[in-house]
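A.B. asks: Next come the chains, spelled out residue by residue.
There are 4 protein chains.
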Amino acid sequence: MTIKHLSGLIAAPFTPMYADGSVNLSLIPTYYAFLKRNGVKGAFIVGSTGEGVSLSLEEKKAVIEAWGACTKGDMDFKVMPLLGGTSLTDCMELARYARSTNMYAVAFTAPFYFKPADAATLVQCCITVAQTVPDMPFYYYHIPVLTGVDIPMYNLLQELHGKLPNFAGIKYTHEDFMDFQSCLNFDNRRYDMLWGRDENMLSALAIGATGAVGSTYNYAAPLYSDLINAFNSNQLEEARMLQQQSIDMIHLLGKYGGIATGKAFMKLVGVDCGEFRLPVRNMSAEQFARFSADVAALGFSQFSAR
Amino acid sequence: MTIKHLSGLIAAPFTPMYADGSVNLSLIPTYYAFLKRNGVKGAFIVGSTGEGVSLSLEEKKAVIEAWGACTKGDMDFKVMPLLGGTSLTDCMELARYARSTNMYAVAFTAPFYFKPADAATLVQCCITVAQTVPDMPFYYYHIPVLTGVDIPMYNLLQELHGKLPNFAGIKYTHEDFMDFQSCLNFDNRRYDMLWGRDENMLSALAIGATGAVGSTYNYAAPLYSDLINAFNSNQLEEARMLQQQSIDMIHLLGKYGGIATGKAFMKLVGVDCGEFRLPVRNMSAEQFARFSADVAALGFSQFSAR
Amino acid sequence: MTIKHLSGLIAAPFTPMYADGSVNLSLIPTYYAFLKRNGVKGAFIVGSTGEGVSLSLEEKKAVIEAWGACTKGDMDFKVMPLLGGTSLTDCMELARYARSTNMYAVAFTAPFYFKPADAATLVQCCITVAQTVPDMPFYYYHIPVLTGVDIPMYNLLQELHGKLPNFAGIKYTHEDFMDFQSCLNFDNRRYDMLWGRDENMLSALAIGATGAVGSTYNYAAPLYSDLINAFNSNQLEEARMLQQQSIDMIHLLGKYGGIATGKAFMKLVGVDCGEFRLPVRNMSAEQFARFSADVAALGFSQFSAR
Amino acid sequence: MTIKHLSGLIAAPFTPMYADGSVNLSLIPTYYAFLKRNGVKGAFIVGSTGEGVSLSLEEKKAVIEAWGACTKGDMDFKVMPLLGGTSLTDCMELARYARSTNMYAVAFTAPFYFKPADAATLVQCCITVAQTVPDMPFYYYHIPVLTGVDIPMYNLLQELHGKLPNFAGIKYTHEDFMDFQSCLNFDNRRYDMLWGRDENMLSALAIGATGAVGSTYNYAAPLYSDLINAFNSNQLEEARMLQQQSIDMIHLLGKYGGIATGKAFMKLVGVDCGEFRLPVRNMSAEQFARFSADVAALGFSQFSAR
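Residue numbers (my numbering), protein chains in the order written: chain B, 4 to 309; chain Y, 4 to 309; chain C, 4 to 309; chain Z, 4 to 309.
It is worth saying that the hints were derived from the structure and are not from the lab. All figures in this text were calculated on a predicted structure; none of them were measured in a lab. Check the hints yourself; a few may be wrong.
If chains are identical, the list can't say which one is meant, so a pair holds when it fits in one copy or spans any two.
In silico DMTMM-like pairs for lysine to aspartate or glutamate, Cα to Cα no more than 20 Å straight-line [said to hold, decoys possible]:
| # | residue 1 | residue 2 |
| --- | --- | --- |
| 1 | K64 | E96 |
| 2 | K118 | D153 |
| 3 | K81 | D23 |
| 4 | K118 | E278 |
| 5 | K166 | E289 |
| 6 | K258 | D179 |
| 7 | K258 | E162 |
| 8 | K258 | D121 |
| 9 | K44 | D79 |
| 10 | K7 | D179 |
| 11 | K75 | D138 |
| 12 | K75 | E240 |
| 13 | K258 | D153 |
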């Protein structure tokens, strides 16, 4: 399989919910159009931002199907679901489902209750799942802060190289730039290394990243498109200023309780995805009011998606 | 609901697998008879030892159903499944299923990908799930080494007390004896605190534990029954010697790669549960031979289940 | 060297300070008499509780000399200083000083900035320091929560056994009861294993501990003496109740900011040791008032030292 | 005090040792000349690389004095010692000594046995020490991987700003680029933010770093000077290639046991600093032979200092 390298911004969409906590599939076509309109090139669905772990298998299938249906025929918009999950059995079933529903690729993260003891065991897991869909690009999703699995990806590549033809690359959500750069340069830049820390995009561009997957591209894609353009045209001071704006925005996630803040941002850009499920806590109305004021003070409307 | 306090040994059974990795339900009646014969008083199924996280929801249901069928009518043998899992939706479905299949109680652990930020959020999760089966005892399963959720259980009890009538207690798999004892003594010893560290049973008995859930009770229950008897009859030197035997046995889990070692022990006692699924690694044949020799050197046959 | 096993309570004294933060040596004879009066059998000085790390080498020498002077001739009260520290050079100098000032033994903990990579390297450190004073008992102080060095002590004993004649044992301040018990039973109970978690004393007594070093023995020794007596006379319910009282008292350390709370307790028992040095924070006057009320509510005066 | 921003490469020198482990002061003038010859602009002495924690206070003074003596009158070469250390008393004494021996500035890291509970307490520590030398630039050294103190530096700046006139900036040895960039941009780039991760220099340059402190500048300064030049002249591909060479070199530190590898590199460039003290382990002769071969295979001589 020829490995395609994705470029530009790939959003990690939230899973829209109704007020009662059930999945709101009807919003997905609107959501897709919104992302397209703001220059986003793809969607990494039912991942961390998409609350995959909080959904049942049937719910994940329904979300995958909805994204597959509305993006069908759009060759310029790549959709890939995160398969799991701690159960490889579930991952394999979901991989087959993804193949039947117009997904571009599949992504897999390390089992995170029992954890693979070393790179060799993690590679065994990857191969087991990826072989289910040998004609689809397969990405590994590296996010140690959530999985607790902190095997260097350079070790994964060394172990995996040559063993899995549909292995495409890594969505890299971790701040080990030495490891990331070593992976970028592995075997003449063979693998597609997608950067996953929005707040450090400029540092990743500097060492060679060209594609990125993130949650803030859902609501602030124009900011990051400008950042990439500034970097590519050697306007480094401009790029730094934009990255600092991104950081100031992301500081609000820390201030207002983390991942649930993302759905609050979505309300502000007019794509109401409801709330997060437990165990994530959502803002109170009072917090949302303060949050909205803080967002306005940042000049959010000047760089937000619309 | 009156809270019953369980006593004696509750095993956390392995989920039997065929050589191809599929679940071997046919072994479960034999397994149950084996545990009964060795003095075990109950089973905590599809938990950590039972590889619940590696099974699909349908597989978990099948295992639950099989245990429910063979233990039906045995009032002296309590079976409870672990419900989850990161998805409360799945947990609620499984709770309802447990109720329909002769389970004594249900157990729930903290979501471990997104993690509850504090005791109040964890309590919300407990209530959400437990209310699905208001007439069944509901246990919280505390195992921070695997979930990464290390909220003191004393804080959980303070937060939860009076809010959830079917809350029965905690399976406590952690070495915070100060926290454990505070929970034991909470509200006049109201809650059922089940000790979950086999290697420290004597220390837990000393401060008041009376029931225990563990994986080594699958294959070495006689050792622990003797330990409890020695403790109860003030033969402390005998109890210490038995605990040291337990420790020497458990050292082999560290030496041979952790949890998968348990299924190797089961082969030695004649209840072949197959192997662990990925991401757990199993012993090679060569390792198994060395392991068997180490086990023999411990005098295992003198205290093993049979 | 014959290894003596210490028994009973050894306090880890606070280092008395004047209001300006300088060391108050003049209080030490009074402090010693106070401990004696309350049944304490020895003192582990300039350790964690004694703020050894916050003192200069000269200040540590002065404290050691003061304890040596006032305890001279008292064969029933054993004093040992903690030598370090990250610099073995300093540790060796202090060991020689300890020998010249009437100390019973010396204690050493793992360097905690650069950390020994394994048990063999830690043993090299121990030998380097202990050989300076080959005729003094040498204790290793295991406190991973502060040093970040979490090498199992069973591995240390296996590596060290037979190589260091003046190695006496371990002050064990960690909750790994499996490791502790394995060390207790090592080579026919050869080594002196001193328990260092006051809140778990009963659990440690159950598996065979006979001596303990701790900070709450400074101000609540009678409680623990009663606990040991209750345990030794098979009054387990009484021992549990006393341990719970100890836990309730220790909960206040968590509530009021940790180690500095200890010096607040000392004020209440009339041995005013001043405050902790930075980076430890002390209570405000307002906090001290609330703390004092909480202490009174525990019935502290019924079991406190006096 | 006007805050000067340092630029270019500042080495963190090893402390030279004789074969018997004593400090070799006589090499220091040679060492200084070697760094100057290779374009290094300053020295951060008795820090992590310089084994400050393994030296006695008197040894640290001797090293400081030796560097002060040979660099006297060289206004283009800035020397600053790390003061501590867990004892603020020692830090203050060393600060005064640094002032009397021609040091440009002083640096201080968080106490790492007892750890400051929050930014406010850490700021109190900084102020206590820095006020001893109010006319010297004072740097905070942020290295959570060794101190275990991971307070965001943005919080430190917010807490400290306006309270300490001689606070100059931060030596930042951590991979939190969001925090680093926020500090760079704080109060119109007021503070001097020195990057401390050699393997990520390019990513730090991209977001605005201009000065760097590191251990590999001791033996490979030409590589990094070329990297900075390439970056400044928009030759990004060249800069990336050089950063990858740096990474390949730094991979050998992991392979051969960490920090001690640095002194092995120094042997290869002809400035033999001896070995590290315990608890650091040094290479065996056999390891050194393999290491030397690996180094040669990297083409080290083409970019090493000479």
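A.B. asks: All hints, please: hold or fail.
C.D. replies: Taking the hints in turn, this is what the structure says about them:
1. K64 / E96: both (10 Å within a copy, 17 Å between copies)
2. K118 / D153: Close inside one copy (10 Å) and across copies (18 Å); limit 20 Å.
3. K81 / D23: Cα proximity of K81 and D23: none, with 30 Å in one copy and 35 Å across.
4. K118 / E278: Classified as between: cross-chain Cα gap 16 Å, same-chain 30 Å, threshold 20 Å.
5. K166 / E289: Classified as neither; 53 Å inside a copy, 26 Å across copies.
6. K258 / D179: between (24 Å within a copy, 17 Å between copies)
7. K258 / E162: between (40 Å within a copy, 17 Å between copies)
8. K258 / D121: Between copies, since 16 Å is at most 20 Å while 35 Å is not.
9. K44 / D79: The answer is within: 7 Å in one copy meets 20 Å, while 50 Å across copies does not.
10. K7 / D179: For K7 and D179, neither the intra-copy (24 Å) nor the inter-copy (30 Å) Cα distance is at most 20 Å.
11. K75 / D138: within (18 Å within a copy, 48 Å between copies)
12. K75 / E240: neither (40 Å within a copy, 38 Å between copies)
13. K258 / D153: Between copies, since 18 Å is at most 20 Å while 26 Å is not.
When each numbered hint is compared with the structure, violations occur for hints 3, 5, 10, 12.
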